[in-house]
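Going down the list, the protein sequences come from chains A and B.
Residue 1 is where the first sequence starts when you use the numbering used here, and the numbers rise one by one after that.
Residue 1 is where the second sequence starts when you use the numbering used here, and the numbers rise one by one after that.
It is worth saying that the hints were derived from the structure and are not from the lab.
Accuracy of the hints is not assured; some may be wrong.
To be verified - Capping the alpha-carbon separation at 27 angstroms, the derived lysine-lysine pairs in BS3-like fashion look like this:
#: 1; chain 1: A; residue 1: K3; chain 2: B; residue 2: K159
#: 2; chain 1: A; residue 1: K7; chain 2: B; residue 2: K106
#: 3; chain 1: B; residue 1: K100; chain 2: B; residue 2: K173
#: 4; chain 1: A; residue 1: K163; chain 2: B; residue 2: K6
#: 5; chain 1: A; residue 1: K156; chain 2: B; residue 2: K13
Said to hold, decoys possible - Chain A residues, not near chain B, derived (Cβ > 12 angstroms throughout):
#: 6; residue: R30
#: 7; residue: I79
#: 8; residue: T152
#: 9; residue: A167
#: 10; residue: N168
#: 11; residue: E175
The structure presented is a predicted model; accordingly, all values stated were derived computationally and were not measured.
Glycine included, C-beta positions come from ideal geometry on N, C-alpha and C.
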Amino acid sequence: MSKKKQKVRALVYGGGTFLLLLFLWEITVRMTDSQIPFPTPLAVIERFVDMLFHNVGYYYTIIGHVLWSLSRVLAGFCIASALGIVLGLTMGWFSYVRAIFMPIFNLLRPIAPLAWIPLAILWFGIGEKYKYFLIFIAAFVPFTLNAYAGATHVDKQLVGAAKMLGANKAQVFFEIVVPAAIPSIFSGAQVALSNSWMTMLAAEMVCATEGIGWIIIAGQAVNDMTQMIAGMLAIGIVGFLLANGMRILERRCLVWNNQGN
Amino acid sequence: MTKQRKQFAFRMKVISVCALFGFFLIWYLVTEVWKLAPETLLPSPLKALETGIGKWSIKKPDGSTLPQHIFASLRVSLLGFCFGAVIGVPLGILMAWWEKADMCLKPVFDFVRTIPPIAWIPIMIILLGIGVVAKASIVFLSAFIPCVVNSYTGIKSTKKVHIWVGQTFGASKTRLLFKVAIPSALPYIFTGLKVSLNSSWGSLVAAEMLGSDSGLGYMIQLGRLLCRADLIIVGMVVIGIMGTILSAILDFMEIKLVKGAM
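Make the full structure from the sequences, and use the hints.
Have a look at this one:
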């Protein structure tokens, strides 16, 4: 009973603050006579609903733009997961691989993914490949790091037991090391997903003709604050869904693992 | 056994050095010897090095020397980072310690958190122009969020037993906060500071690329417009080095300040 009461209280307080802030926003915009056409929250929501049904730009509704962005994130993310997990696991388990690739990886890692934008544009042009490359870089680092950490922290007793029971090297790697590293890889995937979502935005803001980042930058170009804020709203919603989807996936896939609750 | 192990470690080191050397050698061969890539796309490592050294004193083509760019970027990022830490850490502690603040602010914060700081850049540019303030507020946003999240988690994961001990000995609520909760949350807070430093450095680059007249991000963006890939590579390397130095400083501070840190 008290738990339910507490929940209701949390809802009242949280919702109250939220509404209060929105109200303040509305009042401030209405009261001040600003040079900048800053929209009220109501106008933003109205525009957002409008965007769901009418085209932003020439070709797509906001759902189309979100799908464009998601397709880019998905492509970069998948390539990065494939390469990053393989590199991380092998670096963590085989010392020769680590000796060869670790220094190069450490050399390139500190460079922020966004700092690759100019070079990526020079190399790949301003089409899709450039965005895939950037998202790949943003997602590759956390995947590799976490797979590496997972492979180096495998329980030594498990490995010893497997060896004693006569497992060969490939069996130890595939049957012991890989499954043991999966929880760590999943937490890497969370970071990688939010990184690549953010990098996609930056990449689209620098140059694109569609996508959710384009909506914002197109709003800036015509000084349309309502469109920008509605775009940000969409970004927030999709980012929230992505993060939670990943968490649910992790809980479903890793029922045996109680590390991450 | 130990001798063997030493030999093994030595061999690994040799391989590492060879791999690094090979990386640069291939880069050199591709650009200088085989000429597989035009210089505007991938300059040779020697050319990049030369540009990097020359950039310390030459103002061409972007109007500032490398130290001026570094100084401009550092000023903005440290300004935003300090504001983010000064506001974010106490807010996180407040939210974790005082239940009403938690209930009021958590939903708002969770909502703001889902929007990446980069998405704020155009709005900030419209509202605040392309000067220091706009960029610093982008950096502030990206530093603020990890600070709040980590100090919140740190305070929330204070051991109940420690608080009970404090209560048994008659400590007041504020005393409990300052003597028990905050010290035990310090490692978390420092992790938050490190994360926020990294993300603020990253978003600074984006902010400078989208609207600026100085700074490292501006330099590499201009390098793209002028097809000066050597300039871009110099900028990227400097961005990497500066990021490493900044996090090394925080690591050092953590070792000095936090008891029981790794």
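Results for each hint:
1. Of the pairs offered as hints, the one joining A/K3 and B/K159 holds, with about 22 angstroms between alpha carbons and a cut-off of 27 angstroms not exceeded.
2. With a C-alpha separation of about 13 angstroms, the suggested pairing of A/K7 with B/K106 holds against the 27 angstroms cut-off.
3. Distance restraint check for B/K100 and B/K173: the Cα-Cα separation of roughly 15 angstroms lies within the 27 angstroms cut-off, and the hinted pair is therefore satisfied.
4. Annotation: proposed proximity of A/K163 to B/K6 holds, straight-line Cα distance about 24 angstroms (limit 27 angstroms).
5. A threshold of 27 angstroms between alpha carbons decides the hint, and for A/K156 with B/K13 the separation of about 24 angstroms falls inside it, so the pair holds.
6. Look at A/R30: its CB is around 18 angstroms from the nearest CB on chain B, clear of 12 angstroms, so calling it non-interface holds up.
7. Residue placement check: A/I79 keeps its beta carbon more than 12 angstroms from all beta carbons of chain B (closest about 21 angstroms).
8. Every Cβ of chain B is farther than 12 angstroms from the Cβ of A/T152; the closest lies at roughly 14 angstroms, confirming the non-interface assignment.
9. The Cβ of A/A167 sits about 23 angstroms from the closest Cβ of chain B, beyond the 12 angstroms cut-off, so the non-interface label holds.
10. The claim that A/N168 is not at the interface with chain B holds, since no C-beta of that chain comes within 12 angstroms of its own (minimum 21 angstroms).
11. Distance to chain B confirms A/E175 as a non-interface residue, since its nearest Cβ pair spans about 25 angstroms, more than 12 angstroms.
Hint compliance for this structure: every hint is met.
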